[in-house]
Amino acid sequence: MVLEFNKFLGEKNIYKIKELNMQQSLQYIVDKISAKDPLHSKKVKKNLKKLDQEYTDRANIFLGRYIEMLEQDGKTLDFAIDSYLKMIADVNHESLHFLETGEYTSKSFDEVNSRVYNNPEVMAYYMHALLLSQFLWKQHYDILIYFNKVVKDNSDQILNYMEVGGGHGLYISEAINIKGNNANYDVVDISSTSLDIAKKLIKNDSVNFILSDIYDYRPEKKYDFITMGEVMEHVEDPVSLLKQLKRLLKEKGKLFITTPTNAPAIDHIYLFRNADEIREVIKDAGFSIESEISIYTEDLPEELLEKYKISLMYGALLTKTK
Amino acid sequence: MDKAEILAEINMIFNQVMDNDSIQLRFETTAADVEEWDSLTNIQFLLDVEKHFKLRFSSSEIGSFRSIGELCENIKMKIG
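Chains A and B are the protein sequences, given in the same order. Each residue of the first sequence is one higher than the last, beginning at 0 in numbering that gives the first Met the number 0. Each residue of the second sequence is one higher than the last, beginning at 0 in numbering that gives the first Met the number 0.
Worth double-checking, as some hints may not be accurate.
Stated by the list, open to error - Chain B stretches covered by chain A per the calculated footprint, using a threshold of three residues with CB under 8 Å from any CB of chain A:
#1 25-31
#2 35-46
#3 51-58
Since the hints were made in silico from the structure, they are not lab data. Heads up, the beta-carbon is just placed ideally off N, CA and C, and yes, glycines get one too.
Just chain B, same shape as in the assembly:
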């Protein structure tokens, strides 16, 4: 799975968690771009990403993703 495909899948998960179908994620998207994306919704989002891709994030990773691109990179690395 390449990064663009991962982006498309996490976009669906993200929109479900944020309860907003109109959010178009880009690799550059950060917390500053999406009002609903805070520490609370982030946990729910990462939980659903873990379930969807069958992977685990470490405690240092959870708060370390500065952008959606970094998250996609991490997922790509984990699922190979």
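So that you can see chain A by itself, here it is in the shape it has in the complex:
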């Protein structure tokens, strides 16, 4: 445990945190959230209570890399926590609108592009907020475990791997841990901010980072395995997005997707109201479901899940329909 309290960055109470051990960095994050947003901290504490040693180990590696990256950029963990709480405030605001109208606030990609992706002020905090949520939201962790199993089960078939929208670098890092350097890894993303963060977190020369809209991406090769975590809700037409991935996939290739239902956020466009609507899109795009997972983001009785329109995180491994 090394908390270097002696290394201030010129401002009181902002510590430069080196080699922060997991228990401490998590505790530090939880304490800060409790002080700044007591209501949200109740949910975070509830989430963390349910997690096990395996979670601690994974989070340890990830947060260690992340803190290092923050330091290289002259930022602190406090910056990341503030970013996360800013996103929570956005989500709360979007949730009020969603519960009132039953709709997301953004309807088109152009709208979200100018509001978020092309807005440096928003992107500066948003990507960091999403990163922290990967380990503070239990559903993200459960999906990661499912992804790990899926990649392990299909490891022998993966030579060309692609990830679409790989902002946090978490999935591809898992894939590399499992497959090692015996595969070609490509990350395709529309946002340079997102690619930049992924590059710094993954720190692996064998990964190709490609700045492109997936609809404009025309590689010479086809892929054995494509991962697309939480992208379908960001587009106007998820069927055409999946069809585009189908073109990029080998005949026996597999596609791993995740997407949430009822999840208001500043950059979500397509509203899936339940898992059946996701399955319908999958079928319409010409895919079959090999396996799937669904996790509600709150532990509540069924009538309250419905009443509060609680989000369900859905993940699935897909194959091309014959």
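Once you have looked at the hints, place chain B on chain A.
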């Protein structure tokens, strides 16, 4: 409407959302005092407050109320 009247009205809304009739809100009440009051029930509570008083909270306001008193103050300011 003065702050005490606002408090009485939001107390009714609060108890309905929390499904608990015995909660007596005070201006000093915070999230630490009420177990059921978390980010999820807070959204439902604020949604019902918005509907009841016909007002809107901004995204920065939603998470900023440290106590029921601060919320009452904000409502008073908005409804005049």
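Numbers of unmet hints, in rising order: Of the numbered hints, all hold.
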